[in-house]
Each structure stands twice: as structure tokens, then as C-alpha cells.
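This is what each chain is made of:
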Amino acid sequence: MYIYLPIAEISVNIFLILSLGGITGVLSGMFGVGGGFLMTPLLMFIGIPPAVAVSSSANQIIAASFSGFLAHLRRANVDVKIGIVTIIGGLVGSSIGVWLFALLKEIGQIDLAISLCYVIFLGSIGTLMAMESIKLIILKRRGDVLAARKKDNWILKLPLPFVMKFPRSGIKVSVLLPILIGVFTGILVSLLGIGGGFITIPAMIYVLGMPTSVVIGTSLFQIVFITANVTILQAINTHTVDVTLAFLMLISSVIGAQFGTRIGIKIPAEQLRAMLALMVLAVVLKLAIGLLITPDNPFSINMIE
Amino acid sequence: MIIIRFLFVILIFISSHAGARPLIADLSLRSIEIDSSFKGTEILLFGARNDAGDVVVVVRGPESSYIVRKKERVAGIWANSKQAVLHNVNGYYVVASSRPLDELRNDSLLDSLGIGINNLKIDIEAKEGVDGPEFKQAFFDKKEKTNLYFPKIGNVSFIGDTLFRTIIRFPDNIPRGVYNAEVYLLSDGQVSGIQSTPLFVKKMGFDAMVFDFAYDYPASYGIMAVLLALIAGWGAGAIFRRV
Numbered sequence: 075m076y077i078y079l080p081i082a083e084i085s086v087n088i089f090l091i092l093s094l095g096g097i098t099g100v101l102s103g104m105f106g107v108g109g110g111f112l113m114t115p116l117l118m119f120i121g122i123p124p125a126v127a128v129s130s131s132a133n134q135i136i137a138a139s140f141s142g143f144l145a146h147l148r149r150a151n152v153d154v155k156i157g158i159v160t161i162i163g164g165l166v167g168s169s170i171g172v173w174l175f176a177l178l179k180e181i182g183q184i185d186l187a188i189s190l191c192y193v194i195f196l197g198s199i200g201t202l203m204a205m206e207s208i209k210l211i212i213l214k215r216r217g218d219v220l221a222a223r224k225k226d227n228w229i230l231k232l233p234l235p236f237v238m239k240f241p242r243s244g245i246k247v248s249v250l251l252p253i254l255i256g257v258f259t260g261i262l263v264s265l266l267g268i269g270g271g272f273i274t275i276p277a278m279i280y281v282l283g284m285p286t287s288v289v290i291g292t293s294l295f296q297i298v299f300i301t302a303n304v305t306i307l308q309a310i311n312t313h314t315v316d317v318t319l320a321f322l323m324l325i326s327s328v329i330g331a332q333f334g335t336r337i338g339i340k341i342p343a344e345q346l347r348a349m350l351a352l353m354v355l356a357v358v359l360k361l362a363i364g365l366l367i368t369p370d371n372p373f374s375i376n377m378i379e
Numbered sequence: 079m080i081i082i083r084f085l086f087v088i089l090i091f092i093s094s095h096a097g098a099r100p101l102i103a104d105l106s107l108r109s110i111e112i113d114s115s116f117k118g119t120e121i122l123l124f125g126a127r128n129d130a131g132d133v134v135v136v137v138r139g140p141e142s143s144y145i146v147r148k149k150e151r152v153a154g155i156w157a158n159s160k161q162a163v164l165h166n167v168n169g170y171y172v173v174a175s176s177r178p179l180d181e182l183r184n185d186s187l188l189d190s191l192g193i194g195i196n197n198l199k200i201d202i203e204a205k206e207g208v209d210g211p212e213f214k215q216a217f218f219d220k221k222e223k224t225n226l227y228f229p230k231i232g233n234v235s236f237i238g239d240t241l242f243r244t245i246i247r248f249p250d251n252i253p254r255g256v257y258n259a260e261v262y263l264l265s266d267g268q269v270s271g272i273q274s275t276p277l278f279v280k281k282m283g284f285d286a287m288v289f290d291f292a293y294d295y296p297a298s299y300g301i302m303a304v305l306l307a308l309i310a311g312w313g314a315g316a317i318f319r320r321v
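Listed in order, the protein sequences are those of chains A and B.
All residue numbers for the first sequence refer to the working numbering, where the first residue is 75 and numbers rise by one.
All residue numbers for the second sequence refer to the working numbering, where the first residue is 79 and numbers rise by one.
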């Protein structure tokens, strides 16, 4: 059964979209990540214009993050104050991101920019993750005791201004740090269509020194607002948000995530991480090949309003 | 088909009584409505001539500007580099004729009427060093591939000496807007009759509504997309908490 996507302006097989959403949902449930970094490239692979894939992913992430955020809020695992400071940075970052997106779209380089950003950004993350998890697996096989990760707090020792107290997390940091995290997330959401949890969560733990219990809830809290802002800005400036596509993705990924969470529990953490890293690298490889091989038709045509 | 036959009867009636007009023609449909189940359609163009001569039919889609970009290898990566903008281009274009166009032996007339793909008046805006015609050809190739331009001239067939008909095919990806079906009667190297009939292509249904909403009220559309996602996220949480 085919469905016409009004903004992407193509017909797609509805079951293909639903199964892509389902698979991403299962994976995100298994690994505890948002899954946007898999969803967006997969959509591009089946022929959705990259710009539409990115913006609709941002729209879809709102739903997944909001449902996660509510669950954490019920357990009071959210540092609202630090979340709000991060959101302020996020609004700035997403405005920069969407402005850049619109500019690249106008000069016809947005598709290339999205692919390049994915290759560079995901490529380095995937490589780091793969190296770390392979190291862990080898250490565990040898039976060595895993060394606890050192808290590297040199950033916190920098003499930064505007220090603020965050009682829920029990920390005192310069507001510039959470603002910076927000700016970075905002740019990631608008240019790549990913929530960026696998950057913000480690940053909140290791850079801000927040307690692990509130990190996920707080991260989801700020992602809801940043993705919402990106969705509205993209709708206004670039007309790339496809609600039909976003809706199909979100219902299937929510259902998939429920299964994923159950599968995830049975597999050791370092093996999960290695699998995730391999998947990230596979996506990167496919995108990189797409940039390097000679296209069938070098010409592309777009109607100007 | 009954309606078409009925129209033919009227036509014959008109053509025998109102002999002053050398050419008269009409379409079996004056508007096309595209919904999500639209798979393309065919329209019958029919008419009558009161003089001898060749009948040439041209159907033009709405005019717009297109940007054509060409990928080139830059530092090993294929990236859009050169571009050209084509102005006043029909989104759809088809020609049918009672005789092959080259047999009409009147290239200057066909050229001035814009009949035939090579006679289309297209403004190419390109920087120096960009081969404009190459980009125009790429545009035509793409349009032909998507069945919006037909390089082959269709056939206008006669029923007797006066009545003629031709079928015009519209694929599922036709742009919306006002189309124009032009019928020319050419004899002795001149236009002895001309008729132009508008054809409206409209998009209907949910998809068109979403598209119009997204472009006409982008801020409301964005806010609605956000609210929809929030409701879905909340709903999913509420459902799965019980499972």
C-alpha cells in the first residue's frame, strides 16, 4: 500500500516506513538512544529528500522524548533549572542551525552538507565507540578488573563567570557550560535530525558533574523543547517538515521501542555498545559510498517558487 | 462515452450551421482533480474543421522557473557545482498533429507558435562558462523521463473530412495549475483557425490540504506538528504504562 507524503512529494510504501520506524524503535529501546541517527539516514536511503528526512525526524523526536520525559518527571528525575538553562542555549543553537540549513538549501548544498556532517560526526563517534567497546570486551575476556572511569573535571576548574547553584543536581557550575551544551544540541537537531543524547548525556555527567539519576530525564526535557523549536523554525523557513512522515515514524518507533527495551536487558552492555558502534559505522560507510560513486544522472532539477 | 458522442452530435450540428468558424474544438474534461489515488488520466480533445488544412494540438502546463544543478567531482566528492535557471518553462508539454510536423514544411510558423520542443521559448540564466543548452537538454530529458514532456508527436485522427480527435495523456505527477489546450488549423503556411481552451488541474484531498497549510500558514503548521507529536508521545506513554 502506497501513501503520498505531502511535503516530501513522493509516494512511499507505507509498510516500508512503518518497518523502518519499528526497527529504529527496537534499536533505540535496546540501546537507550533516540535512534534519530539511524532513522534519518535510512529515510534518505529509501529516497526521501535528505532535508525532509532531517526536519521530519526532529518532529518525530519530540514524541519519543516527551513520552520518556514524562516517565522521568513522575519519578522526579529531572533537574528543571539546569534544563531551562540548556534550553536557552538550545534556542540559540537551533536558530543558528536552521539559518544555516536554509542558506545551504538555497545554494543547493543541503543534501551534501547533511551527508558530510553524518559521515564526519557519526564516523568519529562510531569509531570511538567501537574502539572502546572492543577494548572492554578484550579486558573482560582476560578477566581483568575494569578500571573505573576517571572523572575528568578540568573544565569545571576553569575560572568561568556566571556560576549558578543547581540544587536538584547538587552542583555549582557556570551557566555557560549548560548553555554551550544546548547550543550544540540545537545545531545537531537542525542539521542532522538527531536528538544528540549520546553527546549531551556524557557531557552532563562528565563535564557538568551531574548525578547519573537525573541526567536522562533532564536531557529528554531539553530535547523536547529544542526539537519543538527546530520543527517550528524549519516549517517556517524551509518547508521541510512532513507531518505524515513524522507521524508514521513515531507510531511505529514507539511500538518498536517497547520491544527493544525488553530485548536490551538480556545482552551484556559492552556487546550492545559494540553492536551499536558497528551499526553506526555501517550507516557512515553507506553514506560515504554515496558521496564517492559517480551518480547516474549528474543533473538535478528543482522548481523555484 | 455517451457524453462524448452527444458532444459530437452537437459539433456536427454547429459545424453545419455556424459555418463561419473555421475551427471548433473541446475537451472531454475541463478539469482534473488529483487525489492520493490519482494514477494519471486521459482526456479526449475533439473538434471539427470547416476548411482544409492540418490540425495541430498543443497542450501547455503552467509556467514556472526551474533551477538545474549539475554535480561534479570536487575533491573526490560529487557535489552540485554548476547551475542554470530556466525561466517561463511549461511544467507539462505535449503536441499532436494530423501530419508529422516536418511534413508541414513551415518551420518558421511552428517556431513562432512555439510548437515542438525545440521551438519552446525558454530563457536560460547561466553564469559565464556554463553551457546553457546542456542544462536545457538535461531539463528536457528529465521531463521526458517523468512523462511530462513527449518528444513524440501525437496523432490527430480524422473521422471523415471535418471531425478530428486526439487523446492527451496526463501522468500521475502533473503539476497543478491552469493548462491551455491550443488547437491550430494550418493551411497554405498560415494559421486559418485557432482555438484555445483552459484546463484546470487541482489537487484535492488530505495531501493537498496539508501541502497548502504548510506553505500558506507555516507557523501554524509547525505548531500543529509539535502539538501532534506531544499528544502522540503522551498517548504512547499512557498506553504502554498500562501494558
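Don't take every hint at face value.
Unchecked claim - Here's a subset of chain A near chain B, in silico, CB distances under 8 Å, partners left out:
1. Pro-80
2. Ile-81
3. Asn-87
4. Ile-88
5. Leu-92
6. Ala-138
7. Phe-140
8. Pro-276
9. Ile-306
10. Val-317
11. Ile-325
12. Pro-369
13. Asn-376
As the list claims (entries may be wrong) - From the structure, some residues in chain A lie toward chain B, with a derived Cβ separation under 7 Å:
14. Tyr-78
15. Ala-82
16. Asn-133
17. Leu-144
18. His-146
19. Gly-182
20. Leu-232
21. Leu-234
22. Pro-235
23. Ala-309
24. Ile-310
25. Val-315
26. Leu-324
27. Ile-375
28. Met-377
29. Ile-378
Hints were generated in silico from the structure; no laboratory data involved.
Cβ coordinates follow ideal geometry from the N, Cα and C atoms, glycine included.
Quick check on the hint: Val-317 of chain A CB to chain B CB, less than 8 Å? With a closest approach of 5 Å, the Val-317 of chain A hint holds.
Restraint: Leu-234 of chain A near chain B, CB-CB cut 7 Å. Satisfied or not? Because about 33 Å separates Leu-234 of chain A from the closest Cβ in chain B, which is outside the 7 Å limit, the hint is violated.
A closest beta-carbon separation below 8 Å is what the hint needs, so does Pro-80 of chain A meet it against chain B? Nearest chain B Cβ about 4 Å off; hint holds.
Could you check if Pro-235 of chain A really has its C-beta closer than 7 Å to a C-beta on chain B? Violated, because the Cβ-Cβ distance from Pro-235 of chain A to chain B comes to roughly 34 Å (cut-off 7 Å).
How about Asn-87 of chain A: closest beta carbon in chain B under 8 Å, or not? Violated. Min distance 14 Å.
Have a go at the Pro-276 of chain A hint: is there a Cβ in chain B nearer than 8 Å to its own Cβ? violated, 24 Å
Hint validation: Ala-138 of chain A versus chain B, beta carbon distance must be below 8 Å. Holds or violated? holds, 7 Å
Quick one, is the Tyr-78 of chain A hint okay against chain B at 7 Å, beta carbons? Interface hint status for Tyr-78 of chain A: holds (5 Å vs cutoff 7 Å).
Next item in the hint list is Gly-182 of chain A. Is there a CB on chain B closer than 7 Å to its CB? Hint on Gly-182 of chain A: holds, closest Cβ of chain B at ~5 Å, below 7 Å.
Would you settle whether the hint for Ala-309 of chain A is holds or violated, based on the nearest Cβ-Cβ distance to chain B being less than 7 Å? holds, 3 Å
Leu-324 of chain A as chain B interface residue, shortest Cβ-Cβ below 7 Å: Holds: closest Cβ of chain B sits about 5 Å from Leu-324 of chain A, inside 7 Å.
Holds or violated: is there a CB of chain B closer than 8 Å to the CB of Ile-81 of chain A? It holds, given that the least Cβ distance between Ile-81 of chain A and chain B is near 6 Å, below 8 Å.
Violated hints for the displayed structure, listed by number in ascending order: 3, 4, 5, 8, 15, 18, 20, 21 and 22.
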